Every structure is written in structure tokens, then in C-alpha cells.
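Asker: Going down the list, the sequences are from chains Z and S. Going by this note's numbering, 87 is the number at position 87 of the first sequence; the sequence numbering is gapless. Count along the second sequence from 1, then add 1000; that gives the number in this note's numbering.
Honestly, the hints are just simulated from the structure, not real lab data. Don't take each hint at face value.
No farther apart than 30 angstroms at their CA atoms in a straight line, the calculated lysine-lysine pairs in the DSBU-like style are these [what the hints assert, rightly or not]: (1) 1152/S x 154/Z; (2) 83/Z x 1152/S; (3) 1089/S x 1279/S.
Since this is a predicted model, take the numbers as computed values, not measurements.
There are 2 protein chains.
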Amino acid sequence: MSETNSERQKVVIVGAGFGGLTCATKLAKAGNVDVTIVDRHPYQLFAPLLYQVATGGLPEDDIAYPVRAAIPGVDFVRGEVVKVSMDAKNIRLEDGRVLYYDQLVFAVGSEGTTFGVPGVAENALQMKNIREAREIKNRLLQTYEDVETGAKPKEALRVVVVGGGPTGVEVAGAVSEMQRGMRREFPNIADFASVTLVEAASRLLLPFNEKSSAHAKKELEELGAIVKVDSAVDRMYPTDVHLKSGEVLPAGTIIWAAGVAAPKQWAELGETDRANRLKVNDTLRLRDDVWIIGDMAHVITESDRPLPMVASVAMQQGRYVAASIQALIEGKIIKAFSYKDKGQMATIGRRRAVVELPNGMRLHGTPAWFSWLGLHVFYLAGGRNRVSVIADWFWNYIAWGIGPRRTVID
Amino acid sequence: MSETNSERQKVVIVGAGFGGLTCATKLAKAGNVDVTIVDRHPYQLFAPLLYQVATGGLPEDDIAYPVRAAIPGVDFVRGEVVKVSMDAKNIRLEDGRVLYYDQLVFAVGSEGTTFGVPGVAENALQMKNIREAREIKNRLLQTYEDVETGAKPKEALRVVVVGGGPTGVEVAGAVSEMQRGMRREFPNIADFASVTLVEAASRLLLPFNEKSSAHAKKELEELGAIVKVDSAVDRMYPTDVHLKSGEVLPAGTIIWAAGVAAPKQWAELGETDRANRLKVNDTLRLRDDVWIIGDMAHVITESDRPLPMVASVAMQQGRYVAASIQALIEGKIIKAFSYKDKGQMATIGRRRAVVELPNGMRLHGTPAWFSWLGLHVFYLAGGRNRVSVIADWFWNYIAWGIGPRRTVID
């Protein structure tokens, strides 16, 4: 799309997530480099709302933003990167294509990890992409259908969510609300449904203040969820989760939200931490022309405490790298990356959320929920998606308890 | 759900479409009979908008309305009916369950038919349910991806739609607009895309006035579609449609919109016409307690010209049967069904439609399109779906040509 010019630097960005797209947008605005984004999917996944798709709150189209032609002047190549040759300055795609770069921005994000717990891969559903979210939704809804016709026992309606971080809390809350909604459609069996949230640590939302953790637990319990802290999972089977304490939790559906890690295949590029994140210097680089951002990056600092794997970090890093590449071109000095803490938030249900601002302020309940809602709608990339999501949420909000739930399709 | 009373008549309605749901709603309001709806899906399919799902204009959730608990006081049974025993007054489901009735309302709708044209079943995509519409959408969008990477030849971007009735015209128009939208996202290949609409008769929209037919053809051609009338299909192969004239149309995607028929399996219940419709008397009955409505019914009249297989007919018949069952209970005489012509409409594209009112009035272009839009939004069963559909259409409308298209997911 953009005119090729031998003087212009070629920037290749791998990964069309929050980090990669933010970086591309900023570079495209500067207009003095050729930018190519590579991704295996032609859409940006709005991952923070995957749990809404998994529980029937939003259609999947609402969280997939078509990325081709999304940023004027930026080329898009669909493909899976299988090799990075830093000495030859190129990347190789699965189909054999080779793309050369002057600057490489690597931003492929993270994936679910089982931490080696036996039985997770075979028996638990993960939730890191749309296919997996769809699988959870179909399982949750189809189970009601199957229990209703007698094809499955009533115990199949028990859901166990493993992992008390923001994702686990969000899923457990949304499943709980979905189960309430089902009382109207399946009055004979809905009372057998339950959701249990299991967390190994002594409280939910470990990175949050203890008061927020306690609030989240209380809110989940008000919604009818069972919360088990200090409960590490030992192993799991198709219909049972075994805790290290010896307790056995029967489950028709097991959702694993206990951890994410960077893809292991890129460990060869440098030194990694336990979550396979590549350790980068304070300019987010492995070497002069290779930048690592987002969930993949472990920035070495004095405290050596890695930044959280969230969209806000990835976006700040994407902007930083775009500005740094501009500085390189202009022969200026590149300043070290410094993270500006934007606080953290987790939603529990309708008008139930916890928000912590960097100034120490904490919001709970309705105000927290509205700020969560506003922020997510604001960050949804596409105008079309934003309109649909608002419509769907608006409807969810006004029709709570009387409106129809999503249904099993085909 | 409703209290069982030995005095109360048990009405079983097979099929949760426009006819069945209208009948159930009206019977539930009367409140003096026990109503059970049986359907193989737990949702009502809004079939008139299937083509929008097939061309990426609407997410599939928007046209599937959860039907369990949709009508207070009406029971829902999910299952596939495999046998109707009119003498024993019961129906049998696939899983062996048997439901007894006092009054049976049979409203299972229609399905696609190939009219025996060789190659249709193997090579053409049909569009009678959500799975099929999803298949068309994935094929259309994935072809762009495959041509872009070289996995498929550019000729794969040619689409042939067979059948110049309202469905074929709607699909051809929507494909044409989708292909226009793709120019921005696939600038290197989009010009190779085309859509050809093939109709055996001498004009499109045969049941409409000739002026409407001519208008539809002109509008389609303005959108860039190729319209071939007097062109009967002889046979088809994976990448070719052969016309009876000997002409061969190369095609990457073939969409068959040439005809629908009632499911053949119910022909055993009575006398049928060429489209497998059951011939019923002027009270829509096969016998005193068996009512046939909607696409399945061929009402015997003096002209013996069957009514069109559209939602408006099914809904009128559903209301009529509900009222007639009430009349039976009250010992009143049942009047003959009389169809009130509501006119007909077909949309071609954005602000392009033809509408014919029963008084002979014809609307074209923008006013026709807005009345089409209004009517469809009005008839979408669920409030939630209505909100989403309006949001999606609103966005389509304001973002035309600049907004993102739906994308291939996974």
C-alpha cells in the first residue's frame, strides 16, 4: 500500500493485538517508515471480553475486529511465523514466505498454560481464543439441553473454575449469572447448577488490595458462587477436580483460568522467565533492532518484578516502541521505558466490580462496574463492534432476569 | 408449566417457526388449553434474514431467538418428530418419547430442494438454516484469504447464485455489496470477484409485477451483479455451472436459492403437491384434529393456486388455527380460512428494494428499503435481537464503504 522507498526503514510487527496495533497506528501516523503487520488471524481479538462470549453475553463477532485495512498505510500479511532469524534480519512464515525487516516488533501475546497439572489439557476448557470461548459456551448451554432430555445426569450442571485471578473471577461471576438466567428456561433442573471458583492462594485477585479481594469474594458468593481459597488443584479427571487437600469436586464443566504464559517456541530467542517471557532491557529490546512488547516481554528492572500481562501494558509499550523507532531514525537517544500504572479492574457481574486506581483509590460495586464498562467499550477497536457491544450490554442491563439468554445454535 | 386439568384440551404444535409460535402465543393468551411446542432447535430462526448472516451483515445470534420460556404458560419440548399417528392421536420423537394430543398443529416449514438437477447437492451451498448460512459466509470470506495467499486461483472469487426469486435477488445483491466492501481490504485481488444471478424464467421475481422485476434487475446491475434470465441450469460441477443453453459459468462458490419444498417424509399423511405440501381443506385440516399451517400447507381453493411460502401466510394461519381451536372448544362453527394479501417485498441492497402493496401500489428504492427494514426489525421476535440488529444495521448504514466487514473467525 505504502510506496516503497529504499531510504525508508521497514518495520515488521508480529501480532495484531493491543501492543502490535498500537505500535502500528503510531508509526503509520508518523508516515516515514513502511509498516507490515503479520498475524495468523485477520482480526484483532478483544481478549478481555472472551469470558462474555464464553458465557453467552456477547456474540463472537463483537470481539473480533477485522484488521486488514484497519490502519491506512499499513500492510497486513496473514500467516503464522515459524522462525525468526535475527542475524539475517528476517522472519519465515509457515507457508515458506520470508519477510525482511529493519526493525522487528514481536508482540505475539500469551497462551494458556497448565503448569503441568495432570489432566488439565485433557479435561479442562481453556479460554484464550474465540474457538475455545465458543466451546465453553456450547458446553454450558448444551449441558442444560442434555440434562433436560435425560441424556446427562443433573450433576453435569456443576461448573468448576480454576484460578482466582481477574479472569477466573470474571468467568465465575458470569457463569453464576448465566445459571440464574437459566432458571426461567429450565425451571425443573436449574437448581442443580452451581459454580465453584478454586484458588491456590489465600485470597482472590492476589495483585489487588486485600479489601478488593474480600469484596470480590463477597460479591461472588452473593451471586451464588462457591469460593474456595487455599485450594490448590492436584489433578483432574473428566468429571472430577481433585484438590491437594484430598477434597474432590464433581464437575460437568471444568474451566481452567489459572495461568497464562508466552509461547514456549520463542524461548530460543533469548533468556526467559518461568512464564516463557523473553527478558528484555529497559528499551524493550533483545538487540538493537528487535523489540519485544506485551505479554511476551519481561522487562528487567531493579525489582525484577515483571509487569502484569494486560492490555494497558502492551499498549503503552507499543506506543513507546513506535516513538523509539522514530527517535532512532532521527538519531536521537532512546529513553528507557517507564510504565505508568493505570490501576487494575475486574468485573464480577452486573453492577459488581472492583477497580483500583494508582492513587490508591478503590471503587466497588456500581461505580466500579460503570467505569469497567466505559473503559471496555472505549477500547473496543472498531466502531461497528462498539455499537453492537453497547446494544448487547444495554439490552443485558435493562432486560436482566426477563430477557432471553443466548441459545445453542445448531 | 400450566396446570394440568383433565377437562383441558392438549394442543401440540410441531415447529417453532412463524406459524407455530403465532398459534402458541394466541392460544396461551386464551389460557384454556395446554400448549406444548416441539422443535428440534431451542430457537426460532428468523429465516428472512439468513442471507444477511450468509454475507456477513449480521452475526448469527441476531437471527436466532431462544424459544424456551419465550411464551409464558407454553411448554417447550426439544426433539425431532419421526412419526405422527393420527389414529392414536400422538407423535413420536427420535428418542422414543411419545406425546399425545387432542389437537395437533403441524408447522414444520420447508427445506431446500434441488429439483433433481445433477450436481446441486454435491457442489452448491444452500441457505435454509444457520449452519448453511455460516458455511456460505465462511466460504465467501475464506476465499479472499486463500486467493490473497495464492492457495486458490483468482477465479475462485466468482460467485454464481441460482434462482431469481426474492431469496436469490437478496443474496446476489448482498454478495455484490460484500464484494465492493472487500476492495478496501483486498485491493490486489478484489477486482476479480463477481456475482452472477441465474434465473430460468424470463424475468426476476416472477410473482411480482413486471416493472418491479425490471427495477430489481437494473438495481442489481448497478451494484455490479450479472443477471442472466432465460437461463435454466442443466448441471453443475465443483467449479462450473452448466446452463441448458450450453453456456458454462465458472464459479468458486455456487449458492442454490432456486427452490424450497416441504419435507418429503410427511407425504404419507395425505395428498401432496409438487413441493411436497400437504393438501388441506379450507379450515387447514387433514382431519378434525390435525391442522397444517405455513410452508407445509397447500390450501385447496377454487383456483388451486397455493399461497406463497412466506412468514406472513404462516402467521395468519397460526392465528386462524388458534381462533378455530377456541371456536371448537366453545362449540362454535369454524369459518373457512381466508388469506389477507399483505403484499410482497424483496431487498436488493442498501436503499434498494422493491415493495408491492395489495392495493397495487409499488415502491422502489429508498422508501421501499426503509419499509423493508422497518418491517423486518418489527417482526424480529426478541427485544434483545431487535436492539442488536438495529445497531448492526445502523452501523452498516452510516459506515457504508468505510466500515469494517465481518471477518473469518478461526
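Asker: Run every hint past the structure and note whether it holds.
Answerer: Each hint, compared with the structure:
1. 1152/S x 154/Z: Not OK: residue 1152/S and residue 154/Z at ~48 angstroms, beyond 30 angstroms, violated.
2. 83/Z x 1152/S: Answer holds: residue 83/Z to residue 1152/S is near 25 angstroms, not above 30 angstroms.
3. 1089/S x 1279/S: 20 angstroms, holds
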